[in-house]
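*Asks:* Protein chains in written order, with our numbering: chain E, 1 to 269; chain V, 1001 to 1242.
Any given hint could be a false lead.
[Claimed, not checked] Sample of chain V residues facing chain E (criterion: CB under 8 Å; computed from the structure):
(1) GLY1059
(2) ALA1147
(3) TRP1149
(4) ALA1150
(5) LEU1161
(6) LEU1172
(7) PRO1176
(8) TYR1217
(9) TYR1232
(10) ALA1234
(11) ALA1235
[To be verified] Cut-off 30 Å, straight-line C-alpha distance, at most; resulting in silico cross-link-like pairs (DSS-like, lysine-lysine):
(12) V/LYS1190 with E/LYS261
(13) V/LYS1025 with E/LYS181
(14) V/LYS1025 with E/LYS263
Since the hints were derived computationally from the structure, they do not count as laboratory data.
All C-beta atoms, glycine included, are put in the ideal place defined by N, C-alpha and C.
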Amino acid sequence: MYETSSSNLLADLTGGVLRLQLNRPEKSNALNYEMVTAALDLVKKADEDWDVRVVVLEGAGDDFCAGEAPEDMGEWPEAYAHRFHQGAHGPGPIPQQDLFKTLRSLSKPTVALMKGRTMDAGLDLACVSDVRLAEDDSVIADTRVLKAQHAVTGLAYILPRLIGQSQAMRLLLTGEEISGKEAERIGLVYGSFSSGEYKEKSEEIINELAAMPTRSYALIKQQILNQLDMPYETALMHSLAVRQTNVIEDTKEGMRAFREKRKPEYKGR
Amino acid sequence: MTDLKELIITDDGPIRHIRFNRPEKLNALNTTMHEGVLEELRRAEAEEGVRVIAFSGEGRSFCAGQDIGGGSNAVPERYRERMVALDIGLGPLMIQDVTTAIRNVLKPTVALMHGHALGAGYDYATSCDFRLASEDCRFGDPRVHRALWAAEGWSYKITRLIPQGWTTRMSLRGEPLTGLEAEAAGLVHKTYPAGENLREAAREYLLKLAEIPPGSYAVIKKSILDSLDLSYEAALAHVPRV
């Protein structure tokens, strides 16, 4: 069971798909501390749960996530009491970074459903997911530069690697709003669909991911992400180490299905 | 020169063609072919007349992957001590060695891909400087769908060849791209109509590469590869050793 500690975050695990729904539609699902810590607890649990094959992040109502507002964050979380630091621009984004970091390295496929608006910290949330899906008329931007805020939550590292430095500069330094279609063109989202097709297409992708040998998926993801920061020779050693220190039970099923010329049934182990 | 019948070596002026010749297996690579390629790379690098090294496949495909069937996969003696029981065969050790050798040749290297360019073929192609493909070529690594570890070197290379966002489909979902899709993603440099013999169709492209002054090509190639892993300040101070 995935019970949540906040009514602003709903959780449901069905058929291997854990859906985390940001549930503050009147605020376009802007993040507050309560949502961040509730999500972090669930994501940590999902990481170690064999029954979870895919984690989906979505928003209630019309938007994915409008980011966050300093005056709207609620109480600093108890669990972070020892790490509170009131800087000139407010407290540091320590709980948020913990959530983003945990999501990014999650050993499960992750999908962000970016319908409507995805802004500021909402873009962080999307960019730490593996697969981003938008509607053609979704609105995507990081406007923090225009509000004289510091975008120090991780995008300065992630975006240049994700879409190349040139487009990262455009998004992070101008605050420009782009459509889902444009996000697809620059490689920021995996797919952009018309609003008529969106639900069907995204469910199809989520279900395909859930049927994959997700342990194998996780090891490949681990190699790609960690090797972004490794020299070539080190990366080769890392790949060998990952391969030779991990057992994938599904490999046997993969071989059997291949021999028997049928579709494999993977367990994600 | 290698006497393997699985590799055909031909010269077209300054272009050295290394042609996979196991068409009945869609040119699945076995250990003897990897060994042959290593030998041919050493030879092509040493010969001054060779200005471009191009990999291609006979028959319907460039390369369908690594041959994991027994028979032709005798393990070379020097690998015996490095194998572990957990491993399915020799796989990654040798692919890593050969693809590193391809990467380190300081002459222009090109993959001419048609039909399938999958798995080990993908490892080879992503180690070359240039990728030219048939429009309908299928290019990627579907090994994840067989619950394998995959990513025995390409996990480093792919996100440096093109931004990470473009790689999701190939790397995590294990879906091959067509030649045209790979070209749109910036991973393939040029595509040719389906059915054309790429050694002929791409000849002009290869001859142009052959005209580039080899000394500066080598220095710039080495600088790029080295600088991928250096800080900006360190890259400025770096003198590539060629």
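*Asks:* For every hint, state whether the structure bears it out.
*Replies:* Going through the hints against the structure:
no.: 1; hint: GLY1059; in the structure: 22 Å, violated
no.: 2; hint: ALA1147; in the structure: 3 Å, holds
no.: 3; hint: TRP1149; in the structure: 4 Å, holds
no.: 4; hint: ALA1150; in the structure: 5 Å, holds
no.: 5; hint: LEU1161; in the structure: 11 Å, violated
no.: 6; hint: LEU1172; in the structure: 6 Å, holds
no.: 7; hint: PRO1176; in the structure: 15 Å, violated
no.: 8; hint: TYR1217; in the structure: 20 Å, violated
no.: 9; hint: TYR1232; in the structure: 12 Å, violated
no.: 10; hint: ALA1234; in the structure: 12 Å, violated
no.: 11; hint: ALA1235; in the structure: 13 Å, violated
no.: 12; hint: V/LYS1190 with E/LYS261; in the structure: 35 Å, violated
no.: 13; hint: V/LYS1025 with E/LYS181; in the structure: 41 Å, violated
no.: 14; hint: V/LYS1025 with E/LYS263; in the structure: 22 Å, holds
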